[in-house]
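Please take these sequences and the hints and turn them into a complete structure.
Per this note's numbering, residue 360 is the first one in the sequence shown, and the count goes up by one each step.
Bear in mind the hints are in silico, worked out from the structure with no lab data behind them.
Heads up, a few of these hints could be off.
[Stated by the list, open to error] No more than 27 Å apart at the CA atoms, straight line, and that leaves these computed lysine-lysine pairs for DSSO-like:
#1 Lys626 - Lys532
#2 Lys626 - Lys551
#3 Lys626 - Lys533
[Claimed, not checked] Here are the computed distance ranges between Cβ atoms for each label pair:
#4 Thr536 - Asn478: 38 to 48 Å
#5 Glu375 - Phe485: 21 to 31 Å
#6 Gln444 - Trp611: 42 to 52 Å
#7 Arg385 - Glu575: 34 to 44 Å
#8 Glu494 - Asp616: 25 to 35 Å
#9 Thr387 - Trp611: 48 to 58 Å
#10 Lys532 - Trp611: 16 to 26 Å
#11 Gly370 - Thr552: 20 to 30 Å
#12 Glu575 - Ser431: 34 to 44 Å
#13 Thr387 - Lys629: 42 to 52 Å
#14 Phe485 - His391: 45 to 55 Å
Glycine included, each C-beta is placed from N, C-alpha and C at the ideal position.
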Amino acid sequence: MKLLVGTLYSGENEYEECLKSIRAQRYTNYDHILIENLPELEAHYQLYKTFLDHAQEYELLVKVDADTVLCSDELFSRLVETFAQDPFLEVLNIGVLDFFTDCMIPAGIQIYRNTAHWNFENDTVFPDIPIMDHERYRYDTTELAPAAWHSPNPSIPQAFHYGVHRGLKSIQKKHSTTHWANMQKVWRHFLKTQDVRLGFAVLGAELVYAGTFNREDQDYTNPRMGEVLRTYEGMNAKQVKREIRRLRFLHWGFLPDDLRRKVIRYKRGKLDKNWDQL
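Listed below in structure tokens is the structure:
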């Protein structure tokens, strides 16, 4: 069974460790494609189109992003075994250990059989999700998980981008609740550790909730995110925490958490036209 391994790269700190963990795999019947410095949706669709255009050559696509470091050198071997044993399985999503939330997140490493399909017309912040039969889609948080470390050593710009991206996901019409809850985990992790990178991640999300960023601003290729980040340059953890609390106070932070989520989802998501147009 031949694999296509796809990596999307936009300057992530973990890039070299990611490549090292791929090269260390004992299963070597794979080709590796690297897609660099493209807008997120374009990068994903280029990867998936490449896979589908070569469906006769590759049976599985294993997506390993540049911020992801594989835990085991036997992962590819075990993926091949898993798909060989279950011909009905089309998409497998394996949990990873996440730096930001300090826990395992179920949406980690994605593996697709060559029968998977995507709607390339969709303008979505969830490009990983194919057109799927839910009976052929599996989350694994016990057998092969954790498959990797996600973002074990992010830079401040990388953490800020993570927060903006997750902030946009947490105001969508679908899938918003999970991403909102994850950002609350990042906030608690920040309060516990005082790691300023976690603070910048939360700050990125809060700037989405404040209306500073919209869906066009999430790509590394868009300079606006960097311009906004420079206004906070040099802040320590205490200063970032103060700014987060200020933004929360100004943008419905006085409400109970779930009610705040619903208000922001309606205002920043629906009314400000940041929802996916599917």
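Verification of the hints:
1. With a C-alpha separation of about 12 Å, the suggested pairing of Lys626 with Lys532 holds against the 27 Å cut-off.
2. Between Lys626 and Lys551, the direct Cα distance comes to roughly 31 Å. Violation of the 27 Å bound is thereby established for this hinted pair.
3. Taken as a hint, the Lys626 and Lys533 pair is honoured in the structure, with Cα atoms around 15 Å apart against an allowance of 27 Å.
4. The hinted range of 38 to 48 Å is not satisfied by Thr536 and Asn478, whose Cβ atoms lie roughly 23 Å apart.
5. Range check, Glu375 to Phe485: about 28 Å between beta-carbon atoms, so the 21 to 31 Å window is met.
6. Between Gln444 and Trp611 the C-beta distance comes to about 49 Å, which sits within the given range of 42 to 52 Å.
7. At about 43 Å, the beta-carbon gap between Arg385 and Glu575 stays in the expected band of 34 to 44 Å.
8. For Glu494 and Asp616, the Cβ-Cβ distance of about 34 Å falls inside the hinted range of 25 to 35 Å, so the restraint holds.
9. For Thr387 and Trp611, the Cβ-Cβ distance of about 53 Å falls inside the hinted range of 48 to 58 Å, so the restraint holds.
10. Lys532 and Trp611 have their C-beta atoms about 19 Å apart, which keeps the hinted 16 to 26 Å range intact.
11. Checked against the hint of 20 to 30 Å, the C-beta distance between Gly370 and Thr552 comes to roughly 24 Å, which is consistent with it.
12. Glu575 and Ser431 have their C-beta atoms about 38 Å apart, which keeps the hinted 34 to 44 Å range intact.
13. Taking 42 to 52 Å as the suggested C-beta distance range, the pair Thr387 and Lys629 conforms, at roughly 48 Å.
14. Remark: the range hint 45 to 55 Å for Phe485 to His391 is contradicted by a beta-carbon distance near 24 Å.
In this structure, the hints that do not hold are numbers 2, 4, 14, in rising order.
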